[in-house]
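Participant: All chains should be built: construct the whole structure from the sequences, respecting the hints.
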Amino acid sequence: MFPDLNVGKNEALLVLGNSGTGKTTLLHLLAGLMDPAGGSIELDGTVLSTLKGSARDHFRGQHIGLVFQQSQFIRSISVLENLQLARLLAGLGKDDAFVESLLSELGISERKQAKPNELSIGERQRAAIARALVTKPKIVLADEPTSALDDENCEAVAALFERTVTGHGAALVIVTHDQRLKNRFQNSVSI
Amino acid sequence: MRMLQLAYANLKEHFLSTILSVMLLGIGVGMVSFIVTVSEQLNDRFNRDIRGIDMVVGAKGSPLQLILSAVYQIDNPTGNISLAEANKLKRHPLIKYSIPLSYGDSYKGFRIVGTDSLYLSHYKTTFADGDVWNRSMDVVLGSSVAEKLNLKLGAHFHGNHGFDDGGHAHEEAHYNVVGILEPTGTVADRLILTATESVWDIHNHSDEEHDHDHDHATCDHDHAEDAPSEITALLVKFKSPMGIMQLPRMVNEKTSMQAALPAIEINRLYSLMGVGFTTLQIIGMVIMCIAALSVFISLLNSLKERKYELALMRSLGASPFKLFGLIVQESLLLCLAGYALGIILGRVGIMLLSSFGEDQFQFSVSQSGIADVEIWLLPLTLCIGLIAALIPAIRAYKSDISSILRNE
Chain A
0 MFPDLNVGKN EALLVLGNSG TGKTTLLHLL AGLMDPAGGS IELDGTVLST LKGSARDHFR
60 GQHIGLVFQQ SQFIRSISVL ENLQLARLLA GLGKDDAFVE SLLSELGISE RKQAKPNELS
120 IGERQRAAIA RALVTKPKIV LADEPTSALD DENCEAVAAL FERTVTGHGA ALVIVTHDQR
180 LKNRFQNSVS I
Chain B
0 MRMLQLAYAN LKEHFLSTIL SVMLLGIGVG MVSFIVTVSE QLNDRFNRDI RGIDMVVGAK
60 GSPLQLILSA VYQIDNPTGN ISLAEANKLK RHPLIKYSIP LSYGDSYKGF RIVGTDSLYL
120 SHYKTTFADG DVWNRSMDVV LGSSVAEKLN LKLGAHFHGN HGFDDGGHAH EEAHYNVVGI
180 LEPTGTVADR LILTATESVW DIHNHSDEEH DHDHDHATCD HDHAEDAPSE ITALLVKFKS
240 PMGIMQLPRM VNEKTSMQAA LPAIEINRLY SLMGVGFTTL QIIGMVIMCI AALSVFISLL
300 NSLKERKYEL ALMRSLGASP FKLFGLIVQE SLLLCLAGYA LGIILGRVGI MLLSSFGEDQ
360 FQFSVSQSGI ADVEIWLLPL TLCIGLIAAL IPAIRAYKSD ISSILRNE
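Residue numbers (numbering that gives the first Met the number 0), protein chains in the order written: chain A, 0 to 190; chain B, 0 to 407.
The set of hints was computed from the structure by calculation and includes no laboratory data.
Treat the hints with caution; some may be incorrect.
Said to hold, decoys possible - For lysine-lysine, the following DSBU-like pairs were computed, each having C-alpha atoms within a straight-line distance of at most 30 Å:
1) B/147 x B/107
2) A/8 x A/181
3) A/93 x A/8
4) B/397 x A/51
5) B/306 x A/137
6) B/238 x B/253
7) A/114 x B/253
8) B/321 x A/114
9) B/236 x A/111
10) B/397 x A/137
11) B/321 x A/51
12) A/51 x A/135
13) A/137 x A/111
14) B/107 x B/87
15) B/306 x A/22
16) A/111 x B/306
17) A/51 x B/147
18) B/303 x A/22
19) A/137 x B/321
20) B/397 x A/93
21) B/321 x A/93
22) A/135 x B/306
23) A/93 x A/114
24) B/238 x A/22
25) A/51 x B/303
26) A/137 x A/51
27) A/114 x A/135
28) B/87 x B/236
29) A/8 x A/22
Said to hold, decoys possible - Per the computed footprint, the stretches of chain A lying under chain B, defined by three or more beta-carbons under 8 Å from a beta-carbon of chain B, are:
30) 27-34
31) 88-101
32) 117-128
Cβ coordinates follow ideal geometry from the N, Cα and C atoms, glycine included.
Facilitator: Written as structure tokens, this is what we have:
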């Protein structure tokens with residue numbers, strides 16, 4: 000059982016929970032990767048469970064940005080191509096100017112031709128944020144984005160997430176067990 | 000960024016397994032293409048040379064050897080036959096026409112065949128230059144002979160005894176080139192044709208004025224040494240199908256000659272060669288199947304390695320069908336590369352065989368344009384790719400992305 004959660008445009012919500020409390024399950028439910036046994040998930044007026052198959056994939060691609068714990072990418076193509084692929088899979092047209100500006104904003108435009116495994120952990124995390132925002136989503140869901148970082152980098156990454164995501168007019172939901180973030184976000188809930 | 004580009008990038012990422020699959024497919028496609036092309040051209044060439052010849056009459060011996068020597072000019076003759084007996088047979092009412100052949104000499108590897116002008120009309124030859132012989136020792140060159148030996152009208156040369164360059168040269172008389180034929184795509188292209196009298200004359204001349212420095216008794220072939228009483232063979236065209244019922248038996252039972260039926264002997268040859276061709280074709284097909292298995296294993300392994308990437312693509316909005324399409328595209332790209340390599344290998348093989356065959360057997364295989372086998376191998380190769388991709392693609396289609404992302 001998860002509590003009722005609400006997050007608005009340009010807002011950030013922190014969901015804190017220990018291991019085994021179902022944080023990742025919650026994130027997958029919010030992303031429409033799983034169907035809830037009860038209750039509903041609504042995004043900008045659309046109830047996710049009413050969308051089936053490809054329609055839900057399409058909706059997720061266009062409106063939900065995801066950042067996973069390991070910042071995974073398609074290894075065979077460059078960072079830039081990973082971002083272009085995200086737009087392609089979401090059924091959006093090319094927007095090279097936006098992609099370039101996003102990479103520039105996150106300070107990785109010089110690394111855009113690099114393959115993902117050539118990036119440092121920090122660069123990968125920035126590239127993952129860029130990919131989550133490249134489709135101009137309504138919400139970005141992040142899974143444990145700071146767990147592997149030291150205190151200094153934890154704060155920097157959290158700030159970067161909040162500033163970039165809300166700055167692009169999207170809502171941000173961070174799901175983590177990292178208690179260091181507890182006081183970082185005003186809007187937080189424990190599960 | 001397109002899905003095809005991604006498929007290409009994924010193949011490049013798994014370079015070694017990609018190369019292995021492409022090479023296996025290439026070898027399979029190349030072998031099948033090579034074997035089918037060579038056997039088709041060989042059949043075509045055999046059929047063209049034999050067209051219109053219902054029976055070959057020669058000295059007793061192997062009927063296949065008689066056909067190979069008299070029609071295709073690629074074996075030694077079985078011996079000589081009596082001119083009187085041959086002339087008697089020529090007058091048989093069931094025979095439409097017959098063409099005498101006398102051979103046993105050559106010039107720089109090309110056979111000199113004594114015959115009459117019927118031989119030229121039988122193979123529908125036309126003259127590029129000059130005309131048919133008017134007298135003994137005049138010769139007409141097949142197109143390949145003229146081209147290879149660079150002989151022009153009015154040129155003279157001495158023939159050699161036997162079919163090798165090492166044979167005794169008939170220096171007492173020379174041949175005069177009076178005609179050069181246009182290419183016909185038949186055995187005539189590779190022959191030096193002359194009147195039967197030329198062969199008789201040159202050997203009579205030899206016997207009278209010149210002692211051969213070799214022993215005819217031990218020579219591995221015979222020809223019209225005792226001319227004009229002998230010729231080497233007779234090509235026969237029947238007037239009606241009745242001929243085939245009566246004449247071969249009559250010749251074989253009532254004369255000292257042998258009658259061989261080209262259709263039967265060549266079918267026998269095809270069936271002998273066919274075993275080899277079929278075996279090689281089967282080997283090629285087996286290699287293609289192994290290649291399909293290699294593509295399948297390569298895709299399946301790559302799928303295991305990339306299952307998180309594929310789940311990631313789903314989370315980015317890719318439908319299961321899009322992932323299915325990506326795997327199929329990767330497989331088809333592999334197969335297209337294998338097909339292209341195979342066609343190149345097949346053609347290189349044909350080029351090598353052509354230069355070797357030209358030197359050894361004066362049999363050249365040519366390949367201009369796109370062969371039928373190359374056309375039907377393309378959909379076959381793509382089908383193999385599609386079948387090999389099916390299971391990995393269905394797995395990608397059915398993958399549970401939530402559990403894959405959770406377990407990473």
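Participant: Any hints from earlier that this structure breaks? Give me their numbers in increasing order, please.
Facilitator: Violated hints (numbers, rising): 7, 9, 14, 17, 24, 32; every other hint is consistent with the structure.
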